[in-house]
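> What follows is the residue order along each chain.
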Amino acid sequence: MNVDFESLLRNLRNILPPERISTRQAERYLYSYDATALEFYPDIVVFPTNREEVVGIVKLAGKYGIPIVPRGAGSGMSGGALPVEGGIVLSFEKMNRIKEINTINHYAVVEPGVITSVLHREVEKVGLFYPPDPASRNFSSIGGNVAENAGGLRAVKYGVTRDYVMALEVVLPDGTVIHTGSKTIKDVAGYDLTRLLVGSEGTLGIITEITLKLIPLPRWKETFLAQFSTPEDAISLVPEILSIGLPSTLEFIDGFSLRAVESYLGVNFPGTEGVLLIENMGNRGEVEHWAGELKNFFEKRNVKFLRAENEEQREKFWKIRRSISASLSKIKPNRFNEDVVVKRSDLKRLIAESYRIAKKHNILVADFGHAGDGNIHVNYLHDRKDENERRRAWRATEEMVEEVIKMGGTVSGEHGIGIMKKELLRKQFTEEEIELMKKIKRAFDPDNILNPGKIF
Amino acid sequence: MNRELIVKQIEREVSKCARCGACRHLCPVYSEENMEKTSPRGKNSLLMLFLKEGGSVDEMGKILESCTVCEACVEGCPNEVHTYKIVLLGRSLVEKSKLEKEAYAIFNRNSLLKTGERVISVLQSKLMIKEGDLYRLRWRIGGIDKYLPQIPDKDFFSYYSELPDQGKFEKKVLFFTGCLIRYLYPLTGVHLVEIMNHYGWGVIAPEEQICCGLPALSSGFMDEFLESMEHNVRLFNRYKINHIISACGSCENTLKNYYREFAEFSTLSAEEIRVFSERIMDVSEFMLQVIGVDRDIFPSPEKVTYHDSCHLNRGIGVREAPRALLRNAGRFVEMREADVCCGFGGSFSVKQYETSQKILQRKMRNVEETGAEYLVAECPGCILQLNEGKEKYLSGELKVRHLVDYIYEKLFLK
Numbered sequence: 314m315n316v317d318f319e320s321l322l323r324n325l326r327n328i329l330p331p332e333r334i335s336t337r338q339a340e341r342y343l344y345s346y347d348a349t350a351l352e353f354y355p356d357i358v359v360f361p362t363n364r365e366e367v368v369g370i371v372k373l374a375g376k377y378g379i380p381i382v383p384r385g386a387g388s389g390m391s392g393g394a395l396p397v398e399g400g401i402v403l404s405f406e407k408m409n410r411i412k413e414i415n416t417i418n419h420y421a422v423v424e425p426g427v428i429t430s431v432l433h434r435e436v437e438k439v440g441l442f443y444p445p446d447p448a449s450r451n452f453s454s455i456g457g458n459v460a461e462n463a464g465g466l467r468a469v470k471y472g473v474t475r476d477y478v479m480a481l482e483v484v485l486p487d488g489t490v491i492h493t494g495s496k497t498i499k500d501v502a503g504y505d506l507t508r509l510l511v512g513s514e515g516t517l518g519i520i521t522e523i524t525l526k527l528i529p530l531p532r533w534k535e536t537f538l539a540q541f542s543t544p545e546d547a548i549s550l551v552p553e554i555l556s557i558g559l560p561s562t563l564e565f566i567d568g569f570s571l572r573a574v575e576s577y578l579g580v581n582f583p584g585t586e587g588v589l590l591i592e593n594m595g596n597r598g599e600v601e602h603w604a605g606e607l608k609n610f611f612e613k614r615n616v617k618f619l620r621a622e623n624e625e626q627r628e629k630f631w632k633i634r635r636s637i638s639a640s641l642s643k644i645k646p647n648r649f650n651e652d653v654v655v656k657r658s659d660l661k662r663l664i665a666e667s668y669r670i671a672k673k674h675n676i677l678v679a680d681f682g683h684a685g686d687g688n689i690h691v692n693y694l695h696d697r698k699d700e701n702e703r704r705r706a707w708r709a710t711e712e713m714v715e716e717v718i719k720m721g722g723t724v725s726g727e728h729g730i731g732i733m734k735k736e737l738l739r740k741q742f743t744e745e746e747i748e749l750m751k752k753i754k755r756a757f758d759p760d761n762i763l764n765p766g767k768i769f
Numbered sequence: 002m003n004r005e006l007i008v009k010q011i012e013r014e015v016s017k018c019a020r021c022g023a024c025r026h027l028c029p030v031y032s033e034e035n036m037e038k039t040s041p042r043g044k045n046s047l048l049m050l051f052l053k054e055g056g057s058v059d060e061m062g063k064i065l066e067s068c069t070v071c072e073a074c075v076e077g078c079p080n081e082v083h084t085y086k087i088v089l090l091g092r093s094l095v096e097k098s099k100l101e102k103e104a105y106a107i108f109n110r111n112s113l114l115k116t117g118e119r120v121i122s123v124l125q126s127k128l129m130i131k132e133g134d135l136y137r138l139r140w141r142i143g144g145i146d147k148y149l150p151q152i153p154d155k156d157f158f159s160y161y162s163e164l165p166d167q168g169k170f171e172k173k174v175l176f177f178t179g180c181l182i183r184y185l186y187p188l189t190g191v192h193l194v195e196i197m198n199h200y201g202w203g204v205i206a207p208e209e210q211i212c213c214g215l216p217a218l219s220s221g222f223m224d225e226f227l228e229s230m231e232h233n234v235r236l237f238n239r240y241k242i243n244h245i246i247s248a249c250g251s252c253e254n255t256l257k258n259y260y261r262e263f264a265e266f267s268t269l270s271a272e273e274i275r276v277f278s279e280r281i282m283d284v285s286e287f288m289l290q291v292i293g294v295d296r297d298i299f300p301s302p303e304k305v306t307y308h309d310s311c312h313l314n315r316g317i318g319v320r321e322a323p324r325a326l327l328r329n330a331g332r333f334v335e336m337r338e339a340d341v342c343c344g345f346g347g348s349f350s351v352k353q354y355e356t357s358q359k360i361l362q363r364k365m366r367n368v369e370e371t372g373a374e375y376l377v378a379e380c381p382g383c384i385l386q387l388n389e390g391k392e393k394y395l396s397g398e399l400k401v402r403h404l405v406d407y408i409y410e411k412l413f414l415k
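From first to last, the protein sequence lines are chains P and L.
Residue numbering for the first sequence follows the numbering used here, starting at 314 and increasing by one per position.
Residue numbering for the second sequence follows the numbering used here, starting at 2 and increasing by one per position.
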């Protein structure tokens, strides 16, 4: 790359004040990483505060032929925000306004830097609800959620980020501003560019405004914690539980993960090797009826279960789930965190394979996650400093993914491909299929300046 | 100061960071500035970069300044990275001017502080302009616009010597005053003694006690901090009294937690520190659990809200006792983000003046939203900041009170 940086910077300074352009090593280092533990220095970091500035920056990047990488909170798990080929990191940290919450038409218009849980709080104040709740909701940004098509715990009943994106304002690599979708419930006009852009990981365009669908806030909640003597017993019951009526959340915790939490939280579940944590929300009549049926279902099958009687108890149940990550890091500092997804009928096979592979490579494995949508986090634990162990864990991860593809599953349910899963993507799609995706990329970004080196 | 040991401790702590970003929006500084360098993750990462590759120490110092040491980041960290500790250790690696070093050494010299208090007390009306109950600095350096209460003409111990002989009480507690109560708010200390005496408890306050050391530690003066720690531990350990009470959240957290966390740098034994720090008890818990003042408080109809001082809340874990007392005393209303920092952070409020004010403005908006007539807190540092916030950002008749003063009013002035 042969870029005249002095001239580029001179031009950038016409668009942004100096305090919103970083070129010093220390400041660039701060935008070299995300949650993947990898580091790639950008050449420049910019902090736009509005669409016009983004357009100006993008035009300059095109003119100088320098990569441009949009970045939200930098909390991604697949390297989507990493400037692997250097260039300009465009941080949306300062574009974090909620522009409108429409209580009649039930939508919100936001800038990409809005933190997901801030949006949750603001819409809930006026009796509305934005269902997608990735585990990172307290710190990840909506822009990042849209770019990666983030999932979350409530996806079983409510779907994922994509299902709530109604319209987008997007800056194309040549600086053109386009608008996709609309604020209407139904819309079949032309190709569905909105759904194409959601999950495109910043490779097709730079999103500067997002219109999100909202729904009325559910007012009632019921939460169950069911205990089983083997992980297989727990996971096998998932399809039947879903047939009773879709809960908002159905989480699975295996024995290994549970033991880790027990010593971490000082709780005790003797003899339990599998847990299902089930929650439903909605209107009171509907949810109470569902809870009654689930209770009967458990009783008929002699399943040991607890039903949260109040908010405090519910919080205790969830604390177990939320503490898994921290508990596992006390056992081994690192883990390859897969977010594979299979059909619910294959869940039992998925965890059986994960244990078989772990045994074969003599590596610790913890399975937990969103059983309700078939999205289990298979975690092969290791210590990065132990090169041999790290290699075995990676090998196990690859074998696991191969099994998932054999089952007709997917290599990523919600983290995205980024740079972490590029090889795995090739296992899931044919060359022709990948070539078609590349053609789409070229149609949007012929000079390949937008987040290059990702997905393919 | 053992540089190598400090670096090793920083490395050990930083290596726990998985860079997930969970801390970012818990940080009051990040929440206002929205730039990675102000986030806990950013500060940790930069410190590691500097230690690995070297770099401008000035730049490192600047970045480490942007922390109020509120500890909120630890609460939400899945790996429990103690970023505030990394920041404190990191600050001790930054070179300081001789003048600054001498300024911080004053905190450990009671005679100098006492003289300073008298001088400023006399000169205050010349140096500052009276506005409401507060004094505002006449000259603004670098846009810094600070308010102070009226500086008293005598310190807590001058009042204390006029109080009844505390030795005559059968039941006794030790009292760690802290600098702000000792020199700026001595009456809060007097009220504490009077409440305790009323319930038959004597309050033994050794006059030789010195600053807890937090101002020094938080500005990177490790040696001066250790001097405070060693002096106070040895002094208080001479008294065989079960409780050491304090009415300053920041002092308490330093005495109870930081003394232990930084123990390996000191010459004290682990046992000496344990004997000292396990006796620390917050005055609100003492008033509620040991003497039960709540049964004598006559409830009034006034609306009162409570601001959690960071160190009392996260460091000591005191959340409920002050609220329980306030529920008895008035119509208690919880404010939004009650546990978010007020932006004081000692020297942070000057060094990072603009950010400190943004955090304070947000706090005052949350206070205003409750419609409370009284804003109560339990750390004189917060009280200083909140009074300034009231003067600058609120137009109503809000009264800011230390919990001890508020309870004192309810017990004796109604």
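Quick caveat, the hints were computed from the structure, so don't treat them as lab data.
For glycine and all other residues, C-beta sits at the position ideal for the given N, C-alpha and C.
Keep in mind that a hint or two might mislead.
[Said to hold, decoys possible] With a Cα cut of at most 27 Å, we get these calculated DSS-like pairs of lysine-lysine:
#, chain 1, residue 1, chain 2, residue 2
1, L, K393, P, K643
2, L, K86, P, K645
3, P, K661, P, K673
[Claimed, not checked] Over the 10 Å line for every Cβ pair with chain P, so calculated as not near, a few chain L residues:
#, residue
4, A19
5, H26
6, N80
7, E81
8, L100
9, I107
10, E118
11, P150
12, L236
13, E335
> Next, verify each hint and record whether it holds.
Consistency of the hints with the structure:
1. Of the pairs offered as hints, the one joining K393 (chain L) and K643 (chain P) is violated, with about 47 Å between alpha carbons and a cut-off of 27 Å exceeded.
2. For the hint linking K86 (chain L) to K645 (chain P), the alpha-carbon distance of about 23 Å falls within 27 Å, and the restraint holds.
3. At most 27 Å may separate the alpha-carbon atoms for a hinted pair to count; K661 (chain P) and K673 (chain P) meet this at roughly 19 Å.
4. Distance to chain P contradicts A19 (chain L) as a non-interface residue, since its nearest Cβ pair spans about 7 Å, not more than 10 Å.
5. For H26 (chain L), the condition that its CB be more than 10 Å from all CB atoms of chain P is violated, with the nearest at approximately 5 Å.
6. Non-interface status of N80 (chain L) relative to chain P is broken: a Cβ of that chain comes within 10 Å, the nearest being about 6 Å off.
7. Residue placement check: E81 (chain L) does not keep its beta carbon more than 10 Å from all beta carbons of chain P (closest about 7 Å).
8. At roughly 27 Å from the closest C-beta of chain P, the C-beta of L100 (chain L) stays outside 10 Å, upholding its exclusion from the interface.
9. Here I107 (chain L) stays apart from chain P, with its beta-carbon at least about 33 Å from theirs, past the 10 Å limit.
10. The beta carbon of E118 (chain L) sits about 40 Å from the closest Cβ of chain P, which is more than 10 Å, so the claim that it is off the interface holds.
11. Annotated as non-interface, P150 (chain L) keeps its C-beta farther than 10 Å from every C-beta of chain P; the closest such distance is 35 Å.
12. With 10 Å as the threshold on Cβ separation, the claim that L236 (chain L) sits away from chain P holds: the shortest Cβ distance comes to roughly 37 Å.
13. Its beta-carbon lying about 15 Å from the closest one in chain P, E335 (chain L) satisfies the requirement of being farther than 10 Å from that chain.
In this structure, the earlier hints numbered 1, 4, 5, 6 and 7 are contradicted, and the remaining ones agree with it.
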